[in-house]
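Trainee: Spelled out from the first residue to the last, the chains are:
There are 4 protein chains.
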Amino acid sequence: MKFKISASLHYEAATPVTLFLNIRVRPSELQTLSKERFKITPDSERAKLVTEQDGNHFDRVKVTSKEVTLDYGVTVEAEHQLIDADLLRKVPASSLDAQVLPYLFPSRYCESDRLYRLAWQKFGKFSSAYDQVLEITRWIYRTVEYVPGATNASTSAYDTVTECAGVCRDFAHLGVALCRALSIPARYVTGYAHRLEPPDFHAAFEAYIGGYWILLDATRLAPLNGFVQIGRGRDAADVSVCTAFGVMTAPGRYEIDIEAPKNFEPFTEEDALKAAISLDPTAKPAAVAEKAKS
Amino acid sequence: MKFKISASLHYEAATPVTLFLNIRVRPSELQTLSKERFKITPDSERAKLVTEQDGNHFDRVKVTSKEVTLDYGVTVEAEHQLIDADLLRKVPASSLDAQVLPYLFPSRYCESDRLYRLAWQKFGKFSSAYDQVLEITRWIYRTVEYVPGATNASTSAYDTVTECAGVCRDFAHLGVALCRALSIPARYVTGYAHRLEPPDFHAAFEAYIGGYWILLDATRLAPLNGFVQIGRGRDAADVSVCTAFGVMTAPGRYEIDIEAPKNFEPFTEEDALKAAISLDPTAKPAAVAEKAKS
Amino acid sequence: MKFKISASLHYEAATPVTLFLNIRVRPSELQTLSKERFKITPDSERAKLVTEQDGNHFDRVKVTSKEVTLDYGVTVEAEHQLIDADLLRKVPASSLDAQVLPYLFPSRYCESDRLYRLAWQKFGKFSSAYDQVLEITRWIYRTVEYVPGATNASTSAYDTVTECAGVCRDFAHLGVALCRALSIPARYVTGYAHRLEPPDFHAAFEAYIGGYWILLDATRLAPLNGFVQIGRGRDAADVSVCTAFGVMTAPGRYEIDIEAPKNFEPFTEEDALKAAISLDPTAKPAAVAEKAKS
Amino acid sequence: MKFKISASLHYEAATPVTLFLNIRVRPSELQTLSKERFKITPDSERAKLVTEQDGNHFDRVKVTSKEVTLDYGVTVEAEHQLIDADLLRKVPASSLDAQVLPYLFPSRYCESDRLYRLAWQKFGKFSSAYDQVLEITRWIYRTVEYVPGATNASTSAYDTVTECAGVCRDFAHLGVALCRALSIPARYVTGYAHRLEPPDFHAAFEAYIGGYWILLDATRLAPLNGFVQIGRGRDAADVSVCTAFGVMTAPGRYEIDIEAPKNFEPFTEEDALKAAISLDPTAKPAAVAEKAKS
Chain L
0 MKFKISASLH
10 YEAATPVTLF
20 LNIRVRPSEL
30 QTLSKERFKI
40 TPDSERAKLV
50 TEQDGNHFDR
60 VKVTSKEVTL
70 DYGVTVEAEH
80 QLIDADLLRK
90 VPASSLDAQV
100 LPYLFPSRYC
110 ESDRLYRLAW
120 QKFGKFSSAY
130 DQVLEITRWI
140 YRTVEYVPGA
150 TNASTSAYDT
160 VTECAGVCRD
170 FAHLGVALCR
180 ALSIPARYVT
190 GYAHRLEPPD
200 FHAAFEAYIG
210 GYWILLDATR
220 LAPLNGFVQI
230 GRGRDAADVS
240 VCTAFGVMTA
250 PGRYEIDIEA
260 PKNFEPFTEE
270 DALKAAISLD
280 PTAKPAAVAE
290 KAKS
Chain U
0 MKFKISASLH
10 YEAATPVTLF
20 LNIRVRPSEL
30 QTLSKERFKI
40 TPDSERAKLV
50 TEQDGNHFDR
60 VKVTSKEVTL
70 DYGVTVEAEH
80 QLIDADLLRK
90 VPASSLDAQV
100 LPYLFPSRYC
110 ESDRLYRLAW
120 QKFGKFSSAY
130 DQVLEITRWI
140 YRTVEYVPGA
150 TNASTSAYDT
160 VTECAGVCRD
170 FAHLGVALCR
180 ALSIPARYVT
190 GYAHRLEPPD
200 FHAAFEAYIG
210 GYWILLDATR
220 LAPLNGFVQI
230 GRGRDAADVS
240 VCTAFGVMTA
250 PGRYEIDIEA
260 PKNFEPFTEE
270 DALKAAISLD
280 PTAKPAAVAE
290 KAKS
Chain V
0 MKFKISASLH
10 YEAATPVTLF
20 LNIRVRPSEL
30 QTLSKERFKI
40 TPDSERAKLV
50 TEQDGNHFDR
60 VKVTSKEVTL
70 DYGVTVEAEH
80 QLIDADLLRK
90 VPASSLDAQV
100 LPYLFPSRYC
110 ESDRLYRLAW
120 QKFGKFSSAY
130 DQVLEITRWI
140 YRTVEYVPGA
150 TNASTSAYDT
160 VTECAGVCRD
170 FAHLGVALCR
180 ALSIPARYVT
190 GYAHRLEPPD
200 FHAAFEAYIG
210 GYWILLDATR
220 LAPLNGFVQI
230 GRGRDAADVS
240 VCTAFGVMTA
250 PGRYEIDIEA
260 PKNFEPFTEE
270 DALKAAISLD
280 PTAKPAAVAE
290 KAKS
Chain G
0 MKFKISASLH
10 YEAATPVTLF
20 LNIRVRPSEL
30 QTLSKERFKI
40 TPDSERAKLV
50 TEQDGNHFDR
60 VKVTSKEVTL
70 DYGVTVEAEH
80 QLIDADLLRK
90 VPASSLDAQV
100 LPYLFPSRYC
110 ESDRLYRLAW
120 QKFGKFSSAY
130 DQVLEITRWI
140 YRTVEYVPGA
150 TNASTSAYDT
160 VTECAGVCRD
170 FAHLGVALCR
180 ALSIPARYVT
190 GYAHRLEPPD
200 FHAAFEAYIG
210 GYWILLDATR
220 LAPLNGFVQI
230 GRGRDAADVS
240 VCTAFGVMTA
250 PGRYEIDIEA
260 PKNFEPFTEE
270 DALKAAISLD
280 PTAKPAAVAE
290 KAKS
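Protein chains in written order, with numbering that gives the first Met the number 0: chain L, 0 to 293; chain U, 0 to 293; chain V, 0 to 293; chain G, 0 to 293.
Derived by calculation from the structure, the hints in this document are not laboratory data.
Not one of these hints is a red herring.
Taking lysine-lysine and the DSSO-like style, the derived pairs with C-alpha atoms no more than 27 Å apart in a straight line are:
1. Lys3(V) - Lys34(V)
2. Lys34(V) - Lys47(V)
3. Lys121(L) - Lys124(V)
4. Lys34(G) - Lys3(G)
5. Lys89(V) - Lys124(V)
6. Lys121(U) - Lys121(G)
7. Lys124(L) - Lys61(U)
8. Lys121(G) - Lys61(V)
9. Lys38(U) - Lys3(U)
10. Lys34(U) - Lys47(U)
11. Lys61(V) - Lys34(V)
12. Lys89(G) - Lys47(V)
13. Lys121(V) - Lys124(L)
14. Lys61(L) - Lys121(U)
15. Lys124(V) - Lys273(V)
16. Lys261(G) - Lys34(G)
17. Lys61(L) - Lys124(U)
18. Lys89(U) - Lys61(L)
19. Lys47(G) - Lys34(G)
20. Lys124(G) - Lys121(U)
21. Lys261(U) - Lys1(U)
22. Lys124(U) - Lys65(L)
23. Lys89(L) - Lys61(U)
24. Lys65(V) - Lys124(G)
Bound-form chain L, shown alone (with noise of 0.2 Å):
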C-alpha cells in the first residue's frame, strides 16, 4: 500500500537552540521510501543520526534564527504484516531474547514497575499473552477518555491511570507499561497515520508475542493498517517529534498530511480478533507456526 506524506513544522526559539527531530519514515523491510525530502528554511547546520537500538532517523539540526520551519515529504510503499492470532494464542510464553530485555524495564513515561498489582489484577486471568494485550487495549479504550489539553509532557502511565484522560500518547504510554508489568515486552510507536482526524503526529505501541512485535492502538482513532512507521523506542522520551536544547517561545506548529490509495480498506477492531498486525519483520510466520506446534 502506497501512502504520500508531507509534514511541515514552525518553530520559534529565543535563544540559538539545538533540536533533535525525529519525523523521517523510519526505513525497514517493510516501510520502503522514495523522493524523500526534507528542507529547513532558513538553512540551518544539521546532521542525520541513526540510532543503534532501534535505527531510528533523526535530525539534529542548530537553529540561529528566531524562527524556523521544517517541511518533510516521503512516498512509502508499506506492507503490513498479518498474523493468524489463534496461532499467536497457541505460543507458549516465550523464552526472552536479550534484545528485547531493554523493552520489559520501566522507562521515563511507563513506569511497570508500579502497576504490577494492578496489570496481575485486571489482566492476569486470560489465558495467552495475546488476549492479555487485546484487553488491555480494550480496557484503556473504555477507561481513558481521549481529551486533547488534559496531559502534558510530563504525564506518564502512572498519571493517566488515576486521571483517566490524554491524548495518544499517554494511551501509548500506558498500554506499554501494563504489557511490562506483566512481564510482556512492549515498546512505544510514533507515525504518521491515515484517516486521523485532525491530521497529526500519532502513537501507538507494540508488544512482543512469538517472537512478533504487535501493532496496537487503545485510541482507536485510526486504522491500524493505515499506520507508517516514524520511530520506536522504550517510551515518547526516545522517539519525541522534537527535542529541544535550549528555550523555545512557543509551542511548536504541524501541518500534517498522509494520503492512501483509494481501494484503502481499514483495518478494524474485530479484524484483530483474527489476525493481528505487524510492522516489524522480526520473526518469520514459520517459525511462530513451529512454536505452536512444540
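Given the structure of chain L, go ahead and fit chains U, V and G onto it with the hints provided.
Mentor: Frame of chain L, contents of chains U, V and G only:
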C-alpha cells in the same frame, strides 16, 4: 590492577519467579575476566543474555524453590584509563554521535526534562563540560546526605533534589539527570567497589565528554580506580542487580567481597582536577588531543 | 458500650525533638471518658492542645532524653448511633453547610482534584450518595490489597489507585479522596479498634450525608461499632499519631489494647445495607427524617 | 488606606455546574468593607458561606446556563499593621498555640514533610525565625523564575523546588512549605494587589512569628502594603478563586482592578529589614514586647 571478586546472593520467593540478575562483570577491552564461576543452589533453569546496546551480561533464572542462593566469583584485570583533565577542558562541546543519543533523553529515574532550569541555574556558568560535571558531582556530595533506608525502589532524581537524602543509586541518578539537562550524555553504571564499607554493590555514573565516558561518583565512598564495572545503562532500571517477575517474600540478602593488590593507591577527589578516569575505551587519547587542537 | 483502652509508645531520638502526639480519645456527646491517664517516662515538658476546627486532643512533648515512653489509658463509654440506611438513601443531595466546606477540598494525602474522572466513571451511576459511598468502600476493599510495609509516610490516595496496596491509612485516604471527587464531604478518622489483629492504631473515614458524618472502613479488619475515635481531620497529616519536629533514630514501637464487654456483637458489612453508623452527633435523626420527606 | 476593587469573572460550562467562589474581601478588624456588590448574570441560585476556621467568604453558585458572568466590587479601608523587625528577632521560638497547629502540618500543595532536610540545610543556620523567613522569601525570589503557564493546577511546592518556575501561587506554596518544615506555622493568602501588572488575583503567604501572622511575598511583583486580603488557608485548595464541581468547557477569564489613593507609598524589600507587615490583628504589640523581654 587485578581484583578478586565474590558475591553471594540469597532470595526468598512465594511462587515461581523469574529473576533477571545483573551481577557478572562486563568484559571489555579494559576489563579482562578469568576464573569466572556462577553457581545456583538449588540448580535452576537458567540462560545468559547479553544486551545489544550496552553489552551487559544478564542471567535469567527461573526459581521454583522457596529459596535460592547464587554464588558468583571472578578475577578481573581492570585498567583504569587516565585522561588529562586540561585536555578535556579544551575539548569543544562535541557534536554528539548517534550512539550516545539515548543517554541524552530522560529515563525512569532520571527525569532530566524536569531539571533543565535547575541545572542551568546552578552549573550553566562553568566554562567547560568537564568543569560542569565536576561541579555537579561536588554539589551532590554537599547537598545530598547518605542515608541508608531513606529512599526506595521508586525514588528518582526528581525526588532526590528535594529530599536531599539517599544511597549510591540516588546520587548516581541525580548526576545522570543533571548532566543530561545540560545536554551532556550520561549513563548509570553499577559495579564492585574496592574499599566500600560495608561491602555492597555500588553505583556511579559516566558523563560523555570529548568522546570519552568519564567515571564519576558523588558519594566519595570508594576510590574511582577501585571500581569494577558490572553493567551500564540509562539508569538503575537497565542494570538492576535483580529484577524479579513474581512475588518475593523477603528482601534479598547479599555478601560481597572485592580484593585488590597491596600496592593499590586510591584515586582521590584532588586527583580528579588533573585527570579523569574512564573504564570505557571508546575514544583514543590521540583523537581527543586532536580535537582540543582544532 | 464500655471500652477499656491502653496504649504504650516508645520512641528514640537523636537530638532534642518536639513531638505532637494525637493518641487521646476525643471526648464528645457520644464518647464519655473516665479514668484517663497519660504518663511520660522520663518526665518531659508537655502541653495539651485542643484543635479549633476538629476538637482533637494533642499532647506536645519536648523530648530531651535519648528514649521516651508514653503510657496512655482511658475508659470510654461510646455510643455508636445507628441511622436508617433507607432514610439516608432518600435524602436529597444536601446543600452543603459552611462548616463542611474544608472537607470538600483536596488535602495532602487526598488529591481529590486528580480523581474526578475516575470517581465519576466508577461511582457516578449510583443513585444516592449513600450508595455511592458504600460502593466506594466495597471497591477499595476489592481492589486494594492489605500489605503492611507496601507504603510509606508519603503515599497518597493518588498512589494507592495505581499501586493497589497499602495499610488502613491508605484505604481511608482513598475513600476520602473519592468521596470528595464526587462532591461528598469526607474526613479521615483515627481510633482504637476492638478486635483489630494485631492490635494497633486504626484509621477509617467519614462521609457527610444528609447532615450525618457516616463512619466507613474499607479494610473490613474490625467491626465499625468497636471503633473509638481519637481524632479527625482532612487526612493523616491532621491526626498523625506522632508528628516529630527533629530527628528520630528509630521507628516508633507501639503496644495497644482495647477491651469490650463480653456481650459485644460486631456490626457487619451486611448490616451496613440497613443502617449506617455515626460517632458524631451532628445531626438529629428527626431532621434527617424531615429532609427525606421534603 | 482606601482601596477600590472590582473583579469581573466569566466562565463557560458544559453541564450544570456548582461553583464555589472565593473572591470577596474577608472583613476583619484591619479590613473594613463598604459598597460591596456581587452580581451574577444570568441570575443563578446562590448562597454565601463563611468558613469556620479561617472566616473566608465563599459564594456557592449553581450554574445552569452555558455561560455565566460574575461582577464583584467593594471599597476597603485596609490598615497594614507595622511590626518592629528587631522586636520580632528577639522573640523566642513561640510555644505554639492550638489554633495555629493546622498550619504546621503538610497540605495538598505544601508537602513540608518532604522538605525537612532541604529547609534545615538552607535556612537552619539563621538565628531568628524572622530571619529564616526573610531568607526563605529571598531564596525563592532568586531561585524560582516567574513563568506564566509553566505550572498547572496540580503543581505543588515539591515540584517547584525542582522545576524552578511558576506563578504567584507556586511562590507562595513553596514559602509555606519551607516555613512549616522549620516548625514555623505558615498559611497561604489570596488577595487583590495594587500595582500588580497585569492586574490579576494574587497570592502570598503568612508566617506565624511571636504571635503575629507576618505577610510575605516572594514574587516582589507588588508592594505588601497594597495587598487586600480575600482569604487564607492551608494552601490554594482552601481559597481557590473558583472550585468547580462539574465540567468547565473553557478556562475562566478575569478582569481585575484595584485603585489606591494618590499618596500611596510602596513598602519595599528594604523596608522589610526594619519592619514586618501584618494584616491580621491576632497579637498585640505589647504582648510581643513583653515576650521579647522575658
